[in-house]
Each structure stands twice: as C-alpha cells, then as structure tokens.
Amino acid sequence: MDIKWLEDILVLYEERNFSRAAERRHITQPAFSRRVQLFEQWVGQDIIDRTTQPIKFTPAMERLIPAVSNAVVDVYNIRNSLRAESATKSVTFATQHTLATSVFPQLLSIINGQLQTVTVRLRSANLPECITWLENGDVAFLLCYESSVLTAQYGDNLDKLNLGDEQLIPVTATDPEGSRVHDPETQTTLKMLNYPVGSFLRNVVNRGQIAGGFQDYVIENVCDSSLTMALKKLVMSGMGIAWIPRSLVASELESGSLASLDEHFGAIDLSVVLLMNPRRASELTKRAWALIQNSPLCQESEADCANEF
1 MDIKWLEDIL VLYEERNFSR AAERRHITQP AFSRRVQLFE QWVGQDIIDR
51 TTQPIKFTPA MERLIPAVSN AVVDVYNIRN SLRAESATKS VTFATQHTLA
101 TSVFPQLLSI INGQLQTVTV RLRSANLPEC ITWLENGDVA FLLCYESSVL
151 TAQYGDNLDK LNLGDEQLIP VTATDPEGSR VHDPETQTTL KMLNYPVGSF
201 LRNVVNRGQI AGGFQDYVIE NVCDSSLTMA LKKLVMSGMG IAWIPRSLVA
251 SELESGSLAS LDEHFGAIDL SVVLLMNPRR ASELTKRAWA LIQNSPLCQE
301 SEADCANEF
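One point on numbering: in full-length UniProt numbering, the residue at position 67 of the sequence shown is 67, and numbering is uninterrupted.
Hint data in this document are derived by calculation from the structure and do not stem from the laboratory.
The structure presented is a predicted model; accordingly, all values stated were derived computationally and were not measured.
Treat the hints with care, as some may be off.
Said to hold, decoys possible - So the derived label-pair ranges between C-beta atoms look like this:
| hint | residue 1 | residue 2 | range |
| --- | --- | --- | --- |
| 1 | Ser247 | Arg79 | 35 to 41 Å |
| 2 | Pro278 | Gly113 | 21 to 27 Å |
| 3 | Ala71 | Gln187 | 22 to 28 Å |
| 4 | Arg50 | Leu291 | 50 to 56 Å |
| 5 | His264 | Arg79 | 47 to 53 Å |
| 6 | Gly164 | Val11 | 32 to 38 Å |
| 7 | Asn77 | Ser148 | 38 to 44 Å |
| 8 | Ala31 | Glu62 | 37 to 43 Å |
| 9 | Thr119 | Tyr76 | 20 to 26 Å |
| 10 | Gln153 | Asn294 | 24 to 30 Å |
Glycine included, C-beta positions come from ideal geometry on N, C-alpha and C.
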C-alpha cells in the first residue's frame with residue numbers, strides 16, 4: 001500500500017470531483033483514477049459511489065476519513081523524525097532528466113567545493129513528480145525549466161534562483177555530404193522524436209511546433225522518450241527530428257554531424273531555475289542555497305537571483 005493512495009483519498013474527499021482532485025495532486029485524471037482503484041483493490045471493496053455527481057463515499061469510508069487523515073500525519077511524523085537525524089549530513093536534488101546531465105554537475109561542484117562532508121543525492125523524474133517531492137519535503141531543491149508559454153505548475157510560496165537561459169531547437173542528422181537527413185524544404189512528411197505526451201517539455205514543444213508551422217507537414221511520430229540524451233542519440237542515428245537543448249548539441253552542430261532547423265521552425269526559450277521550499281528547509285539546505293546564490297553560476301543572472309531568508 002502506497003501512502004500516496006491515502007493522500008489521494010483525502011484530497012478526493014475534499015474536492016468530491018476527480019478532475020479537481022487530480023489537478024491538486026499534479027497528475028492526470030486517468031492516473032488519479034487508477035490510484036484510487038488500486039486502493040480499492042487493496043482494501044477489497046469499493047469506497048466510492050461513482051453513479052452520483054458530486055461523488056459520494058460509502059458510509060464506511062466516510063466514517064474512516066478521520067482515521068485515514070491521522071494515519072497520514074503519523075507516517076509523516078515518523079519520517080520527519082528520522083530525517084532530522086540525517087538532515088545535517090545530506091541534501092537531495094530533484095531534477096528533470098535533461099538537467100541531470102547539463103546543469104546539475106555544476107551545482108554538485110559548488111556544494112562539494114565548500115561542504116566536502118555533505119552527501120548530495122539526485123532524483124530525476126518528470127516535473128509534476130518533482131514538484132510533489134519538493135512540496136512534501138522529500139527533496140531539498142528542485143532544478144527545472146520554466147517557459148513563458150506555460151503557466152508554472154507550482155505556487156509562489158517557493159524561493160527561486162535563476163541559473164541562466166536555454167533554448168530548445170529542432171535538430172536533424174546530416175549525411176556524409178553534409179545535407180540534412182530530414183529536410184523541411186524538400187520533404188512533406190517529417191519523422192519526429194518526441195517527449196512523452198503530457199510532460200512539461202512535450203507541452204512546450206507542442207506550442208513551439210504550432211508557432212513554427214509544423215502543421216503544414218504530415219508528422220510521423222517515431223518514438224517518445226523522457227530522456228533527452230536518448231532522443232539525441234536517435235537523432236544522430238538519422239531516426240528523425242527532435243527538439244533538444246542547444247547546449248547539449250553545441251559540439252555536434254559545430255562539427256556538422258547535426259544541423260539545426262531553427263531558421264525554419266524557430267527556437268523555444270527556456271529559463272533554468274532552482275527552487276527551494278523555505279517551510280521545509282533545514283539549516284544545511286539554507287547553507288547550500290547561499291553557496292549557489294553567491295556562485296558564478298547564479299551571479300551571471302544576478303538580476304533574477306533572490307533569497308527570501
């Protein structure tokens with residue numbers, strides 16, 4: 001049994017609506033419904049009358065809601081007590097997969113340079129899961145992208161440092177003569193390598209493709225992956241076009257093994273930000289935050305670096 005299921009039940013009890021409850025839990029409605037069903041399978045009976053709107057819980061579940069709430073509080077109290085024992089020894093970062101290989105190594109170097117006895121841990125996932133980890137205190141920091149074309153999926157109660165800018169650009173492999181393998185000037189069907197449907201980068205790319213005129217082509221979706229480096233490898237093997245952060249393909253663009261299609265389809269501007277939840281920040285987390293804020297990585301974006309402490 002996953003404690004997330006109990007939290008889902010409590011939010012659903014408050015909202016009495018699957019869509020609103022799923023939005024609060026930062027997951028899709030189908031995924032939220034599956035988790036509720038898994039809980040029902042675990043207890044061996046239905047807990048919801050799905051024939052009514054707003055939904056109603058069964059009388060037995062209604063009576064047990066206070067016990068469920070107390071159980072969640074007790075479990076987190078146990079976890080927090082155990083974490084307090086190690087809070088002076090480690091900090092954990094959550095990050096989107098792409099940033100784990102591009103920006104995170106610089107943050108690791110900053111912390112290790114001043115706090116050599118501290119263990120730094122890294123957890124990579126899609127953005128909604130990372131946000132949940134930060135809000136729940138499962139991680140100290142969240143390293144992620146922001147885009148002006150999408151509303152942030154987190155509230156304004158988090159502290160934020162701007163660590164710089166990035167661009168997503170559409171790229172294709174080139175053949176031995178240097179010509180583009182996938183060329184929008186000569187082809188009407190384009191093979192695409194994409195991020196998963198519903199993910200932050202897929203939503204950003206969808207906006208960019210509409211603005212860039214991809215609707216004028218027949219699109220053949222070859223593969224979806226949340227791993228940017230995997231998409232890059234597929235592009236280099238000639239499998240299709242993908243939107244990749246410019247910093248991750250700079251050397252290939254310079255050598256000519258990859259070609260950018262940004263002149264044809266444009267580029268998508270992103271910001272790289274580091275988030276911290278001040279309500280759950282330990283003293284070690286605050287020290288690490290200050291080190292990053294005062295580092296050259298952050299000083300390059302001095303105007304956007306702010307600290308609420």
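Status of the hints after comparison with the structure:
1. A beta carbon spacing of about 37 Å between Ser247 and Arg79 agrees with the range 35 to 41 Å that was offered as a hint.
2. Take Pro278 and Gly113: their Cβ atoms lie about 24 Å apart, and the range 21 to 27 Å holds.
3. About 58 Å separates the C-beta atoms of Ala71 and Gln187, a value inconsistent with the hinted range of 22 to 28 Å.
4. Separation of Arg50 from Leu291 is about 51 Å and conforms to the stated range, judged on CB atoms against 50 to 56 Å.
5. Against the hinted window of 47 to 53 Å, the Cβ-Cβ separation of His264 and Arg79 comes to about 51 Å, which satisfies the hint.
6. For Gly164 and Val11, the Cβ-Cβ distance of about 35 Å falls inside the hinted range of 32 to 38 Å, so the restraint holds.
7. Look at Asn77 against Ser148: about 40 Å separates their beta carbons, and that is inside 38 to 44 Å.
8. Separation of Ala31 from Glu62 is about 25 Å and departs from the stated range, judged on CB atoms against 37 to 43 Å.
9. Between Thr119 and Tyr76 the beta carbon distance is about 23 Å. The supplied range of 20 to 26 Å therefore holds.
10. Gln153 and Asn294 have their C-beta atoms about 28 Å apart, which keeps the hinted 24 to 30 Å range intact.
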